[in-house]
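Chemist: Top to bottom, those sequences are chains A and B. If you read the first sequence in the numbering used here, its first letter stands for residue 1, the second for the next number, and so on. If you read the second sequence in the numbering used here, its first letter stands for residue 1, the second for the next number, and so on.
It is worth saying that the hints were derived from the structure and are not from the lab. Glycine included, each C-beta is placed from N, C-alpha and C at the ideal position. Be careful, since some hints might not be right.
Said to hold, decoys possible - Take a look, some chain B residues computed to stay more than 12 Å from chain A by CB distance:
hint, residue
1, K24
2, F213
3, Y215
4, W216
5, S272
Stated by the list, open to error - The calculated DSSO-like cross-link candidates involving lysine-lysine, where the alpha carbons are at most 27 Å apart (straight line), are:
hint, chain 1, residue 1, chain 2, residue 2
6, B, K20, A, K73
7, B, K61, A, K107
8, B, K61, A, K80
9, B, K61, A, K139
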Amino acid sequence: MSPQNANPPAVVDPSAGGGALAVRDERWQIRVRGLHKSFPPQHVLRGVDLDIERGRTNIIIGGSGQGKSVLMKHLMGLLKPDAGQIWVDGVDVVPFGDQEMGKLRRKYGMVFQYAALFDSMNVVENIAFPLLERYHLPKSEVMERVRDLLKRLDLENVGGIEQKFPPELSGGQRKRVGLARALIDRPEILLYDEPTTGLDPVATKNVDEMIRRTADEFGVTSVVISHDMASTFRIGDRISMLAGGKIIVSGTPEEVLQSQLPPLREFVEMSGLVAPGSGSGAQA
Amino acid sequence: MTAPSSVDGAPGEEPGTRSKTATKIATALIEAAVAPVRSMLTYAGDRTLLLSSAVAGLFRKPFRLRLFLEQMDFVGVGSLPIICLVGLFSGAVSAQQAIAALRIFNQERFVGATVGISLAQELAPVFTALMITARAGSGMATELGSMRITEQIDALTTFAVDPIQYLVTPRIVATVLMMPVMTMVFNIVGLLGAYAYSIYFEHIDLGQFIQQFTYWTDPKDYMIGMTKAAVFGVTLSVAACYQGFHVRGGAKEVGLATTRAVVAGSVSVLVSDYFLIDIFHILWPYQS
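Looking at chain B on its own, in the form it has when it is part of the complex (with noise of 0.2 Å):
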């Protein structure tokens, strides 16, 4: 009598079975391995067909400027004494910060320099994105929501109203034309806080101040933060829009659309500041 042979399978089992169980295995863990690739780029292309439907609906009539400007307000003007707030302490913050570090070499003097710099590159564009998610990205997740699970979005439908270009196109535009705007109100009151911390409690010349500031500063340094705040505001407000487009269910589907939307938001500005950041580096390398 000779052994049964790996794929003929023990003596009763029916011939093939372990081979069948083997390719069951394969399949599951390949499935296992391709699962999160295939939900990241359903995750992307959900996304980026909401985007393209949004923008294709800005070159469609009707032009309806006064949801634009209504979005505009909301974002921009809305959000103006949040930024002020913020933006004030933390460039006071961060002037503390580089003043501890700097007088361990005693270069105080550069506190402008430093200031101003990471506000312009990194701590406005990214600090005002999260504040714009925290308060109109989740305002948008929650009303688009809301107008959902009572039927508004489909009321608009009956009336032959594209709702993505209704709704989610000024939402998108508003965020992407009001983010440098609220970027660079950030950087005047970050550098105020700074100036004001740095001169009025640890006694920083401010001819000095002023002159590194400026020494080192320069277009460049604000064209970047400029324009890294509008791709954050599309990433932002795609997300949030998302969210709130596609709720399913009730209040409490709404409140979940929401926290997503400003986590998805927030994580989303942070991974795409790291690979702008590398891009603008290559393209525009630090000055030696």
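Looking at chain A on its own, in the form it has when it is part of the complex (with noise of 0.2 Å):
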């Protein structure tokens, strides 16, 4: 079967998918069409349709292996794509060379799984990497910018935070200065990959506070990639399912709930959930 011949996905949410993708759309700030990727012998996008909601916590979820950090790396430009479309405000951004993709990314940020910050620098240089990089800005223009974020997300009062180096801070400070980082060039969407792995049930459940509130302060579309159910139902306003190299489910948490396909089923009753065998389940 050729990629472009590939089957349509199950959407659960039937308002996903329709309109006209080269056009501005007020309610889905991307869109994803037919998206295929193989790193042989292994096909590992097998046409994904995906729609991410303006300025709200859109949640991808899927077991280990599943490609939900290629498909973010697809969002992001970091991979080329073999088939498929990927519409950022209308614009199919899968034919831009590398300075329209540069010029692209100043909408995004991104959150990396483990912070990814530069251990040559410290935490004020991570921070204000992207807008020494990008722009001639004053050095008090910038130091006022990162002091703005330090403060927003409660790193202001950690002793000598600024002078720190990546090595020197916690898990949970690593998130926060990753997100600093991200959220330094005011983006308009924000990636987050797994942002809460290899974090204490309390390092976890702050991050996602964190993750919530810059959504709420900041106004940015997010999209969280994630396994963590727990997580995903606390944060999301909208969740899409990643299985077999295909969104198989994408709706709201109460839809997702209800949905009975058996990757999803099973998805969220070992994470314990819901009980083994009930129909809609409750939230935990």
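Join the two chains into one complex using the hints; note that each chain is given alone, in its own frame.
Modeler: Shown next as structure tokens:
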């Protein structure tokens, strides 16, 4: 079967997938259609159709090795698909060259799984990096924006954090510094790659709150890759599940909980959110 | 009944089976013969692509002087103690060996010339390159490899920063610029080692040592040595950056990449040394 002829996935939300893709849509900021990607011999993405809602927290769930990070890298333009389209604000970005992609990336901020802070730079230098690389701003203005972010992310009162280097920070602090770096250039879209991986329950809850608060306070569109179901239902406005290289279900948390699709039921039940064998289930 | 032809195969065999088998064997043999050439070309091609991207990055904005200076400090200043130590003893050992050989002909006075030329053309550039490969090359591979597996290189890309221009270009340029400088340091310290050994341990006449050295060595020898050092700078830094930049996996792969960087860097230095000295001797034949 050629990638172009792949069957469309089951989508719970009937509104998803409608409307002209080449027009800036007030509801959907990113729209993905028929996305295929292979790393021979593996065919990782097999025709992904996905819609990302503007200004909301969109969660993409799925088991390990299902291609969540590969999908995320496509959204960010770090990987080129073998087939399919990615529309950002009504523009197909797949044919973009390096220069256009560089400009597009200014719309994005990315929070990496383990923060990906630059080891050779201290906290201030890490946060200021995107501004210093992109613009010729006075140092005072850069510092003002860095301090403002540190304050808004509750890092201001952590003793001497500005001069600390990444290895001296705790897991939670690293995530918050990573978020500050992603937010410094005021992105429209914020991507989080498994933000709660490797954190204890308290730190996980704090990161969840941070994501929720960031979405509300900064008005950004959040896309979170996760396999943490508790976090997903705590912060998600819209949930999509990636399995077998396709989005098999997409909708609000309530709609997703109602779905009877076996891979999703198994995922939800194994996470302990609903009792095994229960029909609709209740949110934990 | 006629006997089956070799093309048709044995009775009961599908027609053409034998010719298909022969074709498969021939294809496999050709594949086996071509594979090493292909992998060699792929090896050279991948590194040439990295080098060309790095060179292109040098002529594109922004120019980050700080990164170049940091790398020059790491490759040059950071390697100074080990270069001096190795240079001192290499010079002394060269003098020891030269005196032992020259003594057979009662010509120990030529030790200054012998050590001077061998240091200038061979020992200084090659030993410096091997030391820089072991210290700075391994460091580059490890640092870039760690940055790759912790997604720091991906993070650079998300900020619309070209990671080759940001990470590889300064490392290659710094190594190319610092290699001739470090080679000259090796020459000077090596000569001091040879001088000290010859004068204080072998009691060679000081005037003879200096006179023979200045008579037989000339700027051409140092030009050859420094040109070789700059070329070694390219080969060793490209080998190190390539290995680090393309790490996949975890800490174990970073370790393996570092080992490969040192091996590839050292081998490329020694192999290119052979060809370079051939080229130089065609351009400037030995004096009779």
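Chemist: If a hint holds in the structure, say so; if it doesn't, say that too.
Modeler: These are the hints, each one checked on the structure:
1. K24: Label holds. Min Cβ-Cβ 22 Å, cutoff 12 Å.
2. F213: 44 Å, holds
3. Y215: 50 Å, holds
4. W216: Check passes; 47 Å lies beyond 12 Å.
5. S272: Label holds. Min Cβ-Cβ 31 Å, cutoff 12 Å.
6. B:K20 x A:K73: Violated, because 45 Å separates the two Cα atoms, which is more than 27 Å.
7. B:K61 x A:K107: 22 Å, holds
8. B:K61 x A:K80: With Cα atoms ~25 Å apart, K61 (chain B) and K80 (chain A) stay inside 27 Å; holds.
9. B:K61 x A:K139: 20 Å, holds
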